[in-house]
Amino acid sequence: MSIPATRPAIEVAGLRKSYRSKAGSQVVLDGVDLVVPAGTVTALLGPNGAGKTTAVGVLSTLLRADEGTARVAGHDVAREADAVRASIGVTGQITAVDDLLSGAENLRLMADLHHLGRAAGRQRVAELLERFGLTDAADKPVATYSGGMKRKLDLAMTLVGTPSVVFLDEPTTGLDPRSRRTLWDEVRALVADGTTILLTTQYLEEADQLADSVAVLHGGRIVAEGTPAELKAVHAAGSLDDVFLALTEPPAGPETDPRTETDEETVR
Amino acid sequence: MTAITVTAPARAGGKPLADVRTMFRRNLLRAVRYPGLTLFVVVGPLVMLLLFVYIFGGAFGAGVAPGVAPGAEGRAAYLTYITPSLLVLTVVGAGQSIAISAAMDAAGGIMARFKTMAISPGSALSGQVLGTVVQSIAALVLVLGAAVAIGYRPQADAVDWLALLGVLLLLAVAISWLCVALGLNARSVETASNAPLILLLLPFLGSGFVPVETMPGPVRWFAEHQPFTPIIDTVRGLLAGGVGLDGATVAKAVVWCVLIGVAGYLWARSLYRRERRV
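Those sequence lines, one after another, are chains A and B.
Mapping the first sequence onto this note's numbering, position 114 (from 1) lands on 114, and the numbers just tick up by one.
Mapping the second sequence onto this note's numbering, position 99 (from 1) lands on 1099, and the numbers just tick up by one.
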């Protein structure tokens, strides 16, 4: 399923989502609009609780939006969920690997679920192990892997089906600088191959390094959008850090938005 | 390799059997890699077998001997009486292990990963159920073998054995679906095995270890009407070569298993589809 170059890989309009619980309704996405052109990296930047993970959840068909539309790889996430799933790869915040299996077995599981066939599956697994430097650890149980290795395996599993759109939800959180660099290199290689990437991060340097475009999510809304350079220029700021702090400052007084107080990303 | 030339993987639902087989293989592989959980399924009933036969058997046997194993006495009679119950308990114990693995999948990211992939939607859970059923059968063979080794002698003929296999398979499928749901419903991996514990108690509150006729009024009423009594009576009757087994009991056992299985399946399916807050 190819995406025409003219068609954005991700189109989001008026996306709303709230969570209902005994404590009442909590708005997490409050009318998000976003366009990610095919073959580019967009970083969704925002403080904890801004709704980044929820946005990725809706776009990756895990969550249903209350209102608005979202199309990924040309398909509506609500009505054509299977077509969306066939085009995407998701690396969520929680590392999604089977700790009891080996790295190679995890990848083979993915190859089988993508119906790659025996020979093509084996080849793909070997290729990804090599690419992520996991060949030596291929047959060891994942439980013995370091955090960085698990994260690399996680991303490799996401790529087994050669997705055209990849979601990376805080992919480098908790990684040491070297592992972070390795993942960055992988992201760049993916983009060079034409993959579209939506990345969420709290690290401004990460957005600065990788993203063609940055969207700042705050209180459930996109409060700023542009290239890292544009954002810095508009806000007369020396770094994205300054832009981020200026944009995501909690409003003062009785207007204080409860959404910014909740640590959505850490709720499990 | 560019986005323009990349072909999408096969569409979802296209190969449900292949997906179930893949998930089944994953489940067996996990069982091999983490034998503790599987071992627990076998060791529990084995310990109970030895405990009940060698410690309680001498005394309890006198109470069950007349109806169950005419001619046999004491310990031997009790072994004959409880072996079928322990087979049923073995199947229920395997349910605990599936509840724990379902909770592990839900707590880790892997279930979310499966849900974002274009795979047959039921395959993750049915592969697990299938794996647990196979583990249950293996555990049943071991427990039955141990009972035979300490002197148990089933009287079943070929037809009885086939019927027995059918009933135990049905029970294993039903308990597995119910326990998958209990595992998905648990708040954490640590609490996932709590709910199935109640299921382990039920054979004791039925015809599992003493005849229900010996129980006081309300308990007896419960024992006579709960699912495990006809299930255990059916297994016991078939192993005894059909002695004292009537059609109504078998029918009740089958209906209970089907009810538990269907309810467990529907519950598990809705829990799997439920939005999990991220």
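Derived by calculation from the structure, the hints in this document are not laboratory data.
All C-beta atoms in this analysis are idealised placements derived from N, C-alpha and C, irrespective of residue type, glycine included.
Careful: at least some of the hints might be erroneous.
[Unchecked claim] Calculated pairs, DSSO-like style, for lysine-lysine (alpha carbon to alpha carbon, straight line, at most 30 Å):
#1 A/K140 with A/K150
#2 A/K22 with B/K1115
#3 B/K1115 with A/K150
[Stated by the list, open to error] Chain B stretches covered by chain A per the calculated footprint, using a threshold of three residues with CB under 8 Å from any CB of chain A:
#4 1018 to 1026
#5 1117 to 1126
Numbers of unmet hints, in rising order
none
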